[in-house]
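S.K.: Sequence:
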Amino acid sequence: MYSKYHGLLLILFTILPIVGRLIRNPKFYLAVLISLILYLPHLIWIFNHDFVPIHYHFQERSGDKVFKFDRLLTYPLVFFLGLSPLIS
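Each residue of the sequence shown is one higher than the one before, starting from 43 at the first, in this note's numbering.
Rather than coming from a laboratory, the hints here were simulated on the basis of the structure.
Just so you know, these numbers come straight off a predicted model, no measurement behind them.
Please note: incorrect hints may appear among the correct ones.
To be verified - With beta-carbon atoms standing in for the labels, derived distance ranges:
| id | residue 1 | residue 2 | range |
| --- | --- | --- | --- |
| 1 | PRO59 | PHE122 | 14 to 20 angstroms |
| 2 | SER45 | ALA73 | 28 to 34 angstroms |
| 3 | ILE79 | PHE100 | 35 to 41 angstroms |
| 4 | PRO59 | ILE79 | 23 to 29 angstroms |
| 5 | LEU114 | TYR71 | 27 to 33 angstroms |
| 6 | HIS84 | ILE129 | 19 to 25 angstroms |
| 7 | VAL120 | PHE100 | 18 to 24 angstroms |
| 8 | TYR117 | GLY62 | 17 to 23 angstroms |
We put the beta carbon where it would ideally sit given N, CA and C, even for glycine.
Please construct the entire structure, taking both the sequences and the accompanying hints into account.
M.R.: Below you can see the structure in the form of structure tokens.
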């Protein structure tokens with residue numbers, strides 16, 4: 043289920059550099075509309091169930107039940123440092 047959230051972030055960060063060209067293209071708005079229509083049942087379910095998946099992800103999933111912002115910042119750094127020997 044969390045792949046939906048990661049997919050959304052992937053799409054967001056992919057289109058971020060070309061936002062200027064996209065907002066002038068009517069096909070972009072059609073794609074956004076279709077995506078929202080397809081994603082709407084999931085958003086309604088989350089809203090009707092008091093954001094349970096989001097609550098679980100940020101609070102109950104960790105052992106100490108506290109979301110730590112530093113983990114959010116250090117994970118990409120550690121990931122790319124571990125991956126760098128494979129790239130070079």
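S.K.: All hints, please: hold or fail.
M.R.: Hints and how they fare:
no.	hint	in the structure
1	PRO59 x PHE122: 14 to 20 angstroms	holds (19 angstroms)
2	SER45 x ALA73: 28 to 34 angstroms	violated (19 angstroms)
3	ILE79 x PHE100: 35 to 41 angstroms	violated (27 angstroms)
4	PRO59 x ILE79: 23 to 29 angstroms	holds (26 angstroms)
5	LEU114 x TYR71: 27 to 33 angstroms	holds (31 angstroms)
6	HIS84 x ILE129: 19 to 25 angstroms	violated (35 angstroms)
7	VAL120 x PHE100: 18 to 24 angstroms	holds (20 angstroms)
8	TYR117 x GLY62: 17 to 23 angstroms	violated (30 angstroms)
Checked against the numbered hints above, the structure violates hints 2, 3, 6 and 8; every other hint is satisfied.
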